[in-house]
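Chemist: Below are the chains, spelled out letter by letter.
4 protein chains.
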Amino acid sequence: MIIVLKPNATKEEIDHVLEKIEKLGLKPWMSEGAERSIIGVIGEEDIVRDVPFEGMSAVEKVMPILKPYKLASKDFNPNPTSVKISDSVTIGGKEVIVMAGPCSIENRDMLLDIASSVKKSGAKMLRGGAFKPRTSPYSFQGLGEEGLKYMAEAREKTGLSVVTELMDIRSLDLLVRYTDVIQIGARNMQNYNLLKEVGKTQVPVLLKRGMSSTIKEFLMSAEYILSSGNPNVILCERGIRTFEDYTRFTMDINAVPAIKQLSHLPIVVDPSHGTGRWGMVSSIAKAAVAAGCDGLMIEVHPTPEDAFSDGDQSLLPEKFKDLMTDVSKVAKAVGRSI
Amino acid sequence: MIIVLKPNATKEEIDHVLEKIEKLGLKPWMSEGAERSIIGVIGEEDIVRDVPFEGMSAVEKVMPILKPYKLASKDFNPNPTSVKISDSVTIGGKEVIVMAGPCSIENRDMLLDIASSVKKSGAKMLRGGAFKPRTSPYSFQGLGEEGLKYMAEAREKTGLSVVTELMDIRSLDLLVRYTDVIQIGARNMQNYNLLKEVGKTQVPVLLKRGMSSTIKEFLMSAEYILSSGNPNVILCERGIRTFEDYTRFTMDINAVPAIKQLSHLPIVVDPSHGTGRWGMVSSIAKAAVAAGCDGLMIEVHPTPEDAFSDGDQSLLPEKFKDLMTDVSKVAKAVGRSI
Amino acid sequence: MIIVLKPNATKEEIDHVLEKIEKLGLKPWMSEGAERSIIGVIGEEDIVRDVPFEGMSAVEKVMPILKPYKLASKDFNPNPTSVKISDSVTIGGKEVIVMAGPCSIENRDMLLDIASSVKKSGAKMLRGGAFKPRTSPYSFQGLGEEGLKYMAEAREKTGLSVVTELMDIRSLDLLVRYTDVIQIGARNMQNYNLLKEVGKTQVPVLLKRGMSSTIKEFLMSAEYILSSGNPNVILCERGIRTFEDYTRFTMDINAVPAIKQLSHLPIVVDPSHGTGRWGMVSSIAKAAVAAGCDGLMIEVHPTPEDAFSDGDQSLLPEKFKDLMTDVSKVAKAVGRSI
Amino acid sequence: MIIVLKPNATKEEIDHVLEKIEKLGLKPWMSEGAERSIIGVIGEEDIVRDVPFEGMSAVEKVMPILKPYKLASKDFNPNPTSVKISDSVTIGGKEVIVMAGPCSIENRDMLLDIASSVKKSGAKMLRGGAFKPRTSPYSFQGLGEEGLKYMAEAREKTGLSVVTELMDIRSLDLLVRYTDVIQIGARNMQNYNLLKEVGKTQVPVLLKRGMSSTIKEFLMSAEYILSSGNPNVILCERGIRTFEDYTRFTMDINAVPAIKQLSHLPIVVDPSHGTGRWGMVSSIAKAAVAAGCDGLMIEVHPTPEDAFSDGDQSLLPEKFKDLMTDVSKVAKAVGRSI
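Keeping their order, the protein sequence lines are chains R, H, Y and G. Taking the working numbering, the leading residue of the first sequence gets 127, the next gets one more, and so forth. Taking the working numbering, the leading residue of the second sequence gets 127, the next gets one more, and so forth. Taking the working numbering, the leading residue of the third sequence gets 127, the next gets one more, and so forth. Taking the working numbering, the leading residue of the fourth sequence gets 127, the next gets one more, and so forth.
Quick caveat, the hints were computed from the structure, so don't treat them as lab data. Some clues are possibly wrong.
Since the list gives no way to pick one copy over another, a pair counts as held whenever it fits inside one copy or between any two copies.
[What the hints assert, rightly or not] Straight-line C-alpha distance at most 30 Å; calculated DSS-like pairs for lysine-lysine:
no.	residue 1	residue 2
1	K196	K245
2	K245	K132
3	K187	K445
4	K210	K342
5	K246	K455
6	K187	K447
7	K220	K132
8	K445	K342
9	K326	K153
10	K220	K445
11	K196	K149
12	K458	K210
13	K275	K326
14	K200	K445
15	K246	K342
16	K220	K458
17	K283	K245
18	K458	K245
19	K153	K187
20	K246	K149
21	K210	K447
22	K200	K137
23	K447	K137
24	K275	K447
25	K445	K455
26	K447	K246
Construct the entire structure; sequences and hints are all you get.
Modeler: Right, dumping it as structure tokens:
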């Protein structure tokens, strides 16, 4: 950590900073410059990270040198991690894994239909929400356990692996029983108790980026899961909130190569939420694969205009089939397969 | 709801939209314009709110007419709501209520000391965290129930009402037992299950605005609590996330008059989080009161540089005393008291 | 335009709105609803666009129906526009046009070298700044006319078309003389006088999106040029400003399909500015082509670490060559060529 | 400047960085740490600011120590600067200066009327636009020189100082002739040639913050004017662009104390643009004064609903009078006067 001192800091004020560092068991060194003097802090940066040096009278600003995450970092593991979901599905390898299905599980028949349809088009996993985080208390909140049962049935019938969202610690046991991958939604990315609990299982976790979280915070949330003992973390970029309002969110495509530079964890992209408009999903799915993502998560609905949620961004099964054809070509062009 | 049609929509496509509206039991009317035709939908807007008209081929855009929140709206209750905390503390009246105390409860002595100090300076409530949502899993996570006991003891000794944060549904009973006001933190503003649970109690809830939530979403989260049966909701503006990085967050001062225009609920401002720098807290506290807020939430620590969390933005007790003197003058200038 | 009335608006207040509409020569119609009444305004929306109905006591909100841009809109021209730069270069067709070169023109030799190198790798246009908008007054501000002469010489030697930035109306004549395409930079996207002046020429204009401009505002700035008489407008997405700070800007990849839905103008993407990191440029260039862009603008420098500006985001010529190979494959996968 | 090295950087790569620093005539020192080694650069930071160290293979990140602005900094001048506008008007002293008037100058009579009205209410300066930067080319663009003449006449009749916006270098002479203060609008904050030209005069400049500019960039734009020779710079906070859409912009109230910490220049606040809603202007004007601003800029119009521009955010003269009464009380409460 580097501490930049104010030009007019007194010797007494500076000594106070030095003493504070020594009291923490660390070694400060000082470098006096013409315009600014600085103090370097040698040793475990974690010890000083929460110390409020910026509040001290001698201090102009504090600059951390190390990244606050460790287990999620490429320093910890320079090789890409791949997360095994089933014998035939691994996320983080050469194959780009596509997860498709409805936003909400609405009933048994529609789920089984979609499952068989997206499988035919090449999807390897089925997505679908049994517990739905809705902005309005008056909107459909999901079928709960009933929905999970349909997911399990769809898995049995199609062989697709299934992913569904966990909103509440009290439902964790249910999800562990019924699902292959537990999704933590964007609104819960910083629900730390939830992260700790899924961290105590070994079930693969699909962690969605919070809509206003930096990449650093995203990796810190992954760190909560990893440091609780679960190494099976899959990251998911799903768009961030900006001033642009033509689209529902702004897909942060930069996050794909950025995560690849900073972390060993696989990264999946969700173009349905990242655009909010079905007419843009295929275009952004292709972009995500070209940028290097390890998977796609796409909302498909047999009759989007009857969907209980996210109908505007859901694809018809035949549009999804076209998307798979197009995306496969792009995957091949960048040395991947679907 | 107004549905704007594409200029080249066919009669068949338009009929499809009209039928969909009628199937929902609503009455459409159509108005043909030179450049665009529109369809108005008469009747309960809630029925159509989740219908994905924007995904239909005839539709260019959809414009809702009504606000999605009801109980939180000024339409529902044109008069300001005041929330009674104790016999002597009511939020939402002429008096601006100041809540002060440490970010985290660190030990018994410091909490009792601060409590008695902020009381002397004029605070009416004590704040302090026993459960802490920390970005890093390696940071101090709070004392838990032990902290709550110190809060209860501080209340008994000083007569201050107390407010502390709820992070986990499993801690709700504890909080109900020990605290006067339950705080829902910014990171949990859209943790809907948590909102529903506090909505089932009658304990006053201080709901902090999510760092990237619009005012509309903020009021929708209040609606979750209100519609679950708890009318005692206090809103808290604590800064939003923007591109500006000199300050920790950007205090959205506009939210104060905006909330007053849209809702009957009281609004408190937290300048400690809204700035992240203790040297700016007093300035922004004065601004918030001048803008019309009903309360302030301020972090105070006896030795900020030893604080376990948020030391950079915590005030020394004597600085807090000065703040109270300054803020009182501003309160008086706008016809309020402290 | 739809005007939503407040639930408690008086007849007098409503009549006032109706009269105002009629005074403007338009026809209002009113529709009374259970919760809200609305007034529709029939006729030229342009007449009412700047009328401040939202300030009136009866009015809750105003919702425009038409888009504020016309000539830039797909309504005006449903077919894609292609802009001819030279006999061999057209932007907006099947071919994805790559413009490459240094951020700043630093001297004659480096420019000629880069020009010949990027041409060999497949670029069709040379970019390079003679007038540089720099955040700091103490940074290199460009070679001015001298730089333009080198650009003209490079064009002659290589046959590449050239594009360079206009910052000041007083330099317009110079640019018209020396360059094939005039670039309007992000910081000048709303320098309306500059837009009007380039609109009076017939020289193709590459209009970069302002870093905090919505897509609507972007198209409104194109409208300034088009309505001044110059139909040769090429749009350029170059990243927007968000809270994310790992990258210099957030590349708004959604803007590519969004512009294709809203406008007939071609859209080019600049991954160098959109990421600010050379290690991410190739990944995002591929994504942009996969998403459907009509061109790429890429910074290349023989020794990036000696560059006068933007060295962090400039590619070495050999890295650029690799990028061209990779991007070509993606172009082919989406039915385009480079 | 501190350069943080990658953990796996080779000796050769590190030597390359050290050589580069020495070639620039500066002295590097290296400090090896357990997890990261760093290189400090001693000497003029300006020399290295534009060197793209982050692009080098050994380098993880670069952290500047000094602020990039000098003349605008409190280091350069620790005492507040006050800018003299006339014998009776100085901005940056104990008095909070209020500038009021219409958004656009629409005709002679309205301007003279407003001028005399706002003067009676206590304004010291008249604002009004003769050249208007409008998002749409089809909107009213201002009266040009005719408007300036009316401003000069209003000044003569009322004794108010006048401020008006400069959009185009070609109009500079006109503005110098007719106005007391030249306003640089938000959209031109990074129109560097314009900044340099006003920097060559001695006319006081009111520099508005760009809607997506950081405070650092804001001060860098001030630096352009100061370093060109004009010390009479007044900063103006007018709201920034965020995701919140209930208000036109988000007023960054934090900028007031932030500017006071970083710079010696006076800071004025514009609550009309910062909110976009006349019903919120008074509340935010009070907040701005409580936060410590040196002036207010407020739009007033005799009949806002007929205004050619910004009618939604313009106050009626009688509302402005009330605002002045209210704001005066707040000014007094914080030891200022109006």
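Chemist: Are the hints correct? Go through all of them and say.
Modeler: Tested hints:
Taking CA atoms no more than 30 Å apart as the test, K196 paired with K245 passes in neither setting, with 37 Å inside one copy and 42 Å between copies. In this assembly of identical chains, the alpha carbons of K245 and K132 never lie at most 30 Å apart, being 63 Å within a copy and 34 Å across copies at closest. For the identical chains of this complex, K187 and K445 are inter-copy neighbours only, at 21 Å across copies versus 53 Å inside a copy, given an alpha-carbon limit of 30 Å. For a Cα distance limit of 30 Å, the shortest separation of K210 from K342 inside one copy, 25 Å, qualifies, whereas the shortest one across copies, 41 Å, does not.
Proximity of K246 to K455 under the C-alpha cut-off of 30 Å is found in both arrangements, the shortest distances being 17 Å within a copy and 27 Å between copies. Taking CA atoms no more than 30 Å apart as the test, K187 paired with K447 passes between copies only; the shortest distance there is 26 Å, against 54 Å inside one copy. In this assembly of identical chains, the alpha carbons of K220 and K132 lie at most 30 Å apart only when taken from different copies (27 Å versus 52 Å within one copy). Taking the shortest alpha-carbon separations for K445 and K342, only the inter-copy value of 28 Å comes in at or below 30 Å, while the best intra-copy value is 35 Å.
Within a single copy, K326 and K153 get their C-alpha atoms no closer than 36 Å, and across copies no closer than 50 Å, so neither meets the 30 Å cut-off. Taking the shortest Cα distances, K220 and K445 sit within 30 Å of each other both inside one copy (25 Å) and across copies (23 Å). Taking CA atoms no more than 30 Å apart as the test, K196 paired with K149 passes inside one copy only; the shortest distance there is 25 Å, against 36 Å between copies. Proximity of K458 and K210 under a CA criterion of 30 Å is satisfied intra-copy only: 22 Å inside one chain copy versus 32 Å between copies.
Taking CA atoms no more than 30 Å apart as the test, K275 paired with K326 passes in both settings, with 24 Å inside one copy and 29 Å between copies. Proximity of K200 and K445 under a CA criterion of 30 Å is satisfied inter-copy only: 23 Å between copies versus 37 Å inside one chain copy. In this homomeric assembly, K246 and K342 never come within 30 Å of each other (Cα to Cα): the closest approach is 38 Å inside a single copy and 40 Å across copies. Proximity of K220 and K458 under a CA criterion of 30 Å is satisfied in both settings, with 10 Å inside one chain copy and 21 Å between copies.
Proximity of K283 and K245 under a CA criterion of 30 Å is satisfied intra-copy only: 11 Å inside one chain copy versus 56 Å between copies. Taking the shortest alpha-carbon separations for K458 and K245, both the intra-copy value of 20 Å and the inter-copy value of 27 Å come in at or below 30 Å. Taking identical chains as interchangeable, the C-alpha atoms of K153 and K187 lie at most 30 Å apart whether they share a chain (19 Å) or sit on different chains (23 Å). Within a single copy, K246 and K149 get their C-alpha atoms no closer than 65 Å, and across copies no closer than 32 Å, so neither meets the 30 Å cut-off.
In this homomeric assembly, K210 and K447 come within 30 Å of each other (Cα to Cα) only inside a single copy, at 25 Å, whereas the closest approach across copies is 36 Å. For the homomeric pair K200 and K137, the shortest alpha-carbon distance between copies (21 Å) is at most 30 Å, but the shortest distance inside one copy (41 Å) is not. When the C-alpha separation of K447 and K137 is checked against a cutoff of 30 Å, the pair qualifies only between copies, where the shortest distance is 28 Å, while the shortest distance within a copy is 71 Å. Only within a single protomer do K275 and K447 lie at most 30 Å apart by alpha-carbon distance; the minimum there is 26 Å, versus 53 Å between protomers.
Proximity of K445 to K455 under the C-alpha cut-off of 30 Å is found in both arrangements, the shortest distances being 16 Å within a copy and 24 Å between copies. Taking CA atoms no more than 30 Å apart as the test, K447 paired with K246 passes inside one copy only; the shortest distance there is 8 Å, against 39 Å between copies.
When each numbered hint is compared with the structure, violations occur for hints 1, 2, 9, 15, 20.
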